[in-house]
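J.: Sequence:
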Amino acid sequence: MPVHTSVSSQDSPGKGAGLGLALASALAFGGSGVAAKPLIEAGLDPLHVVWLRVVGAALVMLPLAVRHRALPRRRPALLAGFGLLAVAGVQACYFAALSRIPVGVALLIEYLAPALVLGWVRFVQRRPVSRAAALGVVLAAGGLACVVEVWSGLSFDALGLVLALGAACCQVGYFVLADQGGDAGETAPDPLGVIAYGLLVGAAVLTVVARPWTMDWSVLGGSTDLNGTAVPAAVLLAWIVLVATVIAYITGVLSVRRLSPQVAGVVACLEAVIATVLAWVLLGEHLSVPQVAGGAVVLVGAFIAQSAGPGKGAPEPVAAGGEERELSARGTAA
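Taking this note's numbering, I'd label the letters of the sequence shown as residues 1 to 334.
Quick caveat, the hints were computed from the structure, so don't treat them as lab data. Only true hints are included.
With beta-carbon atoms standing in for the labels, derived distance ranges:
(1) 16 with 74: 29 to 35 Å
(2) 126 with 228: 54 to 60 Å
(3) 131 with 214: 48 to 54 Å
Here are the simulated SDA-like cross-link-like pairs (lysine to any residue), alpha carbons at most 20 Å apart as the crow flies:
(4) 37 with 27
(5) 37 with 222
(6) 37 with 279
(7) 37 with 216
(8) 37 with 95
(9) 37 with 232
(10) 37 with 220
(11) 37 with 56
(12) 37 with 284
(13) 37 with 274
(14) 37 with 218
(15) 37 with 98
(16) 37 with 277
(17) 37 with 230
(18) 37 with 226
(19) 37 with 219
(20) 37 with 217
(21) 37 with 281
(22) 37 with 278
(23) 37 with 223
(24) 37 with 287
(25) 37 with 47
(26) 37 with 212
(27) 37 with 243
(28) 37 with 215
(29) 37 with 234
(30) 37 with 283
(31) 37 with 233
(32) 37 with 235
(33) 37 with 238
(34) 37 with 231
(35) 37 with 227
(36) 37 with 100
(37) 37 with 221
(38) 37 with 228
(39) 37 with 96
(40) 37 with 280
From the three backbone atoms N, C-alpha and C, an ideal C-beta is built for every residue, glycine too.
Go ahead and model the full structure; you've got the sequences and the hints to work with.
T.: Below you can see the structure in the form of structure tokens.
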């Protein structure tokens, strides 16, 4: 799964649009927890919320799956991998890890994905990476440790740590698979089709794992408490499905196509910062000084990674920010 570079300028419009899409994706993904928490407190199991999220998004994207019905014959492995890793794997491993280790520890391990992406590029593809890219990842990981206050609930559970690392590996699969075909012009798989079929595969897998027939469906017809404000459960579910899943995946995949897996991965670290800030504003969960400082460090790391130039002395370097995807008109319009 090669990651290509281009000689286009770092200040190109394509890169700017890619960064905007990556930020939009982080914002959309980051809002999922704020909307999901009231549903969970109202009586829904966390895994059932995930199932509703993925199934609802799959139904929304179903017309696009029908439109691109030839895609499963052309790229079956890509669609299966995206559904198993980028949709079902991340969700299932993360929530399973939460049952055994603290939230902060699980979140930090999951967002080691950008470092693992660099490892994939460097040691599996055997392509060089710039020092600035590595520095950006290190800063982002350190800042995340402060944002989630990893020291407040450290506990060692081997299986929990393995599950959290599994979520991180699945997150790597999301960034690497989202990048596939971005440089193939008219023959590239349509990103919307990939997302639609990935959600369908993920929904099928999560149906077996979550067992939705045991869910308390009456919760969806009532109201939930959002920091003292009564909000219909259906409204929160609609937000999770339409914004935190459909829009989040679309903007995320398109950002990877325009940037690269490693750049998009570092920018995605902002999701934890955004989630923490939204929880502060909407749920009344106050930020500590280390969390504010950690958020600033994550921002610095993301900036360094996205602005990094090509590594020196390499004929085809993998630069954290020096590449731009030339998307087809179809992919851009999507």
